[in-house]
Amino acid sequence: MKEGLKNIVIFIVVFIGGLYFGGYFQEQEPQIVGDANRYQSNNTVESKSAGVIGLEKLRNQKNLPGGKTIKVTDGQKIQDAVIQAEVGDTILVYPGTYKETVYIDKDNISMIGVIVDSEWPVLNGEHNLNDAFLYSGNGFTVENFKIINYKGNGVMGQAGNNFVIRNLHVVDTGVYGIFPEFGTNGLIENNILTGIEDAAIYVGMSDNIHVANNEVYGNVAGIEIENSRHAIVEDNMVYDNSGGILVFITPGLPIKTTFDVIVRNNFVVSNNHVNFAVPGSIVAGVPSGTGILIMAGDEVTLEDNIIRDNKNAGIIITDHGNAEGIPLDPGADPYSDQFAILNNVMINNGYDAVDQVKALALTTLSTKGLDIIRIGDSKDSCVLDKEQYHSFGVSGFGKCAFTTTAATTTYLLDELVQPREISKEERGKMAYYGVCSGCHAYNVKMIGPPVVVLQAMYQDNPQGIVDYITNPIKKRDDYPEMPPQAYLSEEVRMAAAEFLLTIKN
391 MKEGLKNIVI
401 FIVVFIGGLY
411 FGGYFQEQEP
421 QIVGDANRYQ
431 SNNTVESKSA
441 GVIGLEKLRN
451 QKNLPGGKTI
461 KVTDGQKIQD
471 AVIQAEVGDT
481 ILVYPGTYKE
491 TVYIDKDNIS
501 MIGVIVDSEW
511 PVLNGEHNLN
521 DAFLYSGNGF
531 TVENFKIINY
541 KGNGVMGQAG
551 NNFVIRNLHV
561 VDTGVYGIFP
571 EFGTNGLIEN
581 NILTGIEDAA
591 IYVGMSDNIH
601 VANNEVYGNV
611 AGIEIENSRH
621 AIVEDNMVYD
631 NSGGILVFIT
641 PGLPIKTTFD
651 VIVRNNFVVS
661 NNHVNFAVPG
671 SIVAGVPSGT
681 GILIMAGDEV
691 TLEDNIIRDN
701 KNAGIIITDH
711 GNAEGIPLDP
721 GADPYSDQFA
731 ILNNVMINNG
741 YDAVDQVKAL
751 ALTTLSTKGL
761 DIIRIGDSKD
771 SCVLDKEQYH
781 SFGVSGFGKC
791 AFTTTAATTT
801 YLLDELVQPR
811 EISKEERGKM
821 AYYGVCSGCH
831 AYNVKMIGPP
841 VVVLQAMYQD
851 NPQGIVDYIT
861 NPIKKRDDYP
871 EMPPQAYLSE
881 EVRMAAAEFL
891 LTIKN
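Each residue of the sequence shown is one higher than the last, beginning at 391 in the numbering used here.
Hints in this document: simulated from the structure, not taken from any laboratory.
A couple of the hints might just be wrong.
[What the hints assert, rightly or not] Heads up, simulated DSSO-like pairs for lysine-lysine below, C-alpha to C-alpha not over 27 Å straight-line:
{"#": "1", "residue 1": "Lys496", "residue 2": "Lys819"}
{"#": "2", "residue 1": "Lys819", "residue 2": "Lys776"}
{"#": "3", "residue 1": "Lys447", "residue 2": "Lys461"}
{"#": "4", "residue 1": "Lys819", "residue 2": "Lys646"}
{"#": "5", "residue 1": "Lys894", "residue 2": "Lys646"}
{"#": "6", "residue 1": "Lys758", "residue 2": "Lys789"}
{"#": "7", "residue 1": "Lys458", "residue 2": "Lys496"}
{"#": "8", "residue 1": "Lys819", "residue 2": "Lys864"}
{"#": "9", "residue 1": "Lys748", "residue 2": "Lys819"}
{"#": "10", "residue 1": "Lys819", "residue 2": "Lys769"}
{"#": "11", "residue 1": "Lys489", "residue 2": "Lys447"}
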C-alpha cells in the first residue's frame, strides 16, 4: 500500500455539495438506533455473570491440580524442559539469559518465569532468532519473562486455545510482540511492549479474547483486533505509537469477519510516533497520529476511553473501498456497520493532521481538529451524544439505544474449549490457518508474499514449498526474512503446502 489509509477518499473532499446530499452534513432529529439490550445494560436488564467464571478459570489454570514441576536455571535450555514435560506440567524458569526459540506443542503447559531480587529470566534472540515462544497446545500459560531482540514474534500462538499471556516485558521483537493466531478463549493482560514494527499486541482470526491492563508504546500499532470476534480491549495504556488501537478486517484471509468488539476504559494518548512499518504492509498506511482506527469491523463499541493529543484524528472509521491498496474480498463485507460511539473523553485531536484529513476538517467550517472521521457506507451505526465531539461524517447517524457495555464483563467462556480433533484431511488446513495465514493473505501483502504469488511460483510443486520453508533463504529486499518452519513435522509441512496451492479467495 503506497499511502494507504492516508489517502482515504481524497477525491470526495472537494465535492462538498455531494457530501451534503449524501448525508454527511444533514442535521436532523436523531433516531434511536440499536438494541437497548445489546450489552444487557444495568438500566434495562439484570446483569449476568456470564464469562466471569471463565475469566477466573483462565487466570488460575496454572494452578490446576496434578502435574509435576520442572526447573530451568541459567545455562540450561528451556526447550529441553518442554521435551521432558507432560500434559499439566509447570516449567519454572529462573533468572538468566536464554538464547533460544521455545516451541510448546503439548496441552496444559505453564511456562512461569521466576523473579528473584528483581532479576528476571530473559529470552534474547540477539537479532538472529525469529521467535521466542511458539505454542500450539491448548491451555498454555506464559508469564514473568523479558523477551528482547527477536526478528519475528515475542509470543506466537498457532491455533492454541485457552491461553494466558501475561506479565511479559517485550522489547524489539520484530513484526509482532504478542500474536495469538486462530485461537479461542484467551487472556492477554499486564504486559509491557515497545519497539515493534507492526503491532505490539495482534489478535488474529481469534474468538472470545480479553486484552486488559497492558502498556504499549513506541510501536507502529499498539493493539490490533484483526478478523476476530467477541473481544474486549479495556484498561490499557496506549501511547506514542503510530496508531493506537486498530479493529479491522484484512481481506484475503480464511476468517472473513470482525465483529462484537468492545474498546473501553483505555488511555489512547499521543499516538504520534513515526510509522516505521515495512513498506507496503497494511499498517504502513496508518497515518501517524491516529488514535483508534476501525476498518470494516462490525458491532464495534467505543466507551469511556480517554482519547487525546493524537495529531491526525481521534477515531477513524472507514471501509475497504476507501483505503488505498486494500482490494475487495468477495467473501468479506467491506463496510463498518453497527458501530457505536458512547461516552468518551476526546481532547486536542487532529491538531496536525495529514492534508487529506485537514481538507475534511475544513468542510466542517471550523479550524478545530477532528475527533471522529467516518468515510464510506455504514448501516445502523450510532453516536450517543454527537454534541460531545467535533466530527466528520456522523451527523446523520442516530442516537444509540444503549448507554453502556458495563454488564458485559468479558467474552471469555465459562467452559474451557476442548482440544481440536484434527483429521489427517484437515491437517493442512489447520496448519495454514494457525501458521501460514499469520503472514500470508490471498491477494494482500501482509508480512510475506500474497498466496496468489506463491501459487504462481510453485503451481504443482508442493515439495518446492516444503523445501523452502524448511530452510528459507532471503531473496527479496521488500519482504522480511522468513523463519524456518522445520519445527513442524514433514507431514504437516507437506499438508500445508498442498492446501496452500488449492486456496481460492
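How the hints compare with the structure:
1. Lys496 x Lys819: holds (20 Å)
2. Lys819 x Lys776: violated (45 Å)
3. Lys447 x Lys461: Holds - the C-alpha atoms of Lys461 and Lys447 are around 24 Å apart, at most 27 Å.
4. Lys819 x Lys646: holds (16 Å)
5. Lys894 x Lys646: holds (13 Å)
6. Lys758 x Lys789: holds (24 Å)
7. Lys458 x Lys496: holds (14 Å)
8. Lys819 x Lys864: holds (26 Å)
9. Lys748 x Lys819: violated (45 Å)
10. Lys819 x Lys769: violated (34 Å)
11. Lys489 x Lys447: Roughly 32 Å between the alpha carbons, so the hint for Lys489 and Lys447 is violated.
In this structure, the hints that do not hold are numbers 2, 9, 10 and 11, in rising order.
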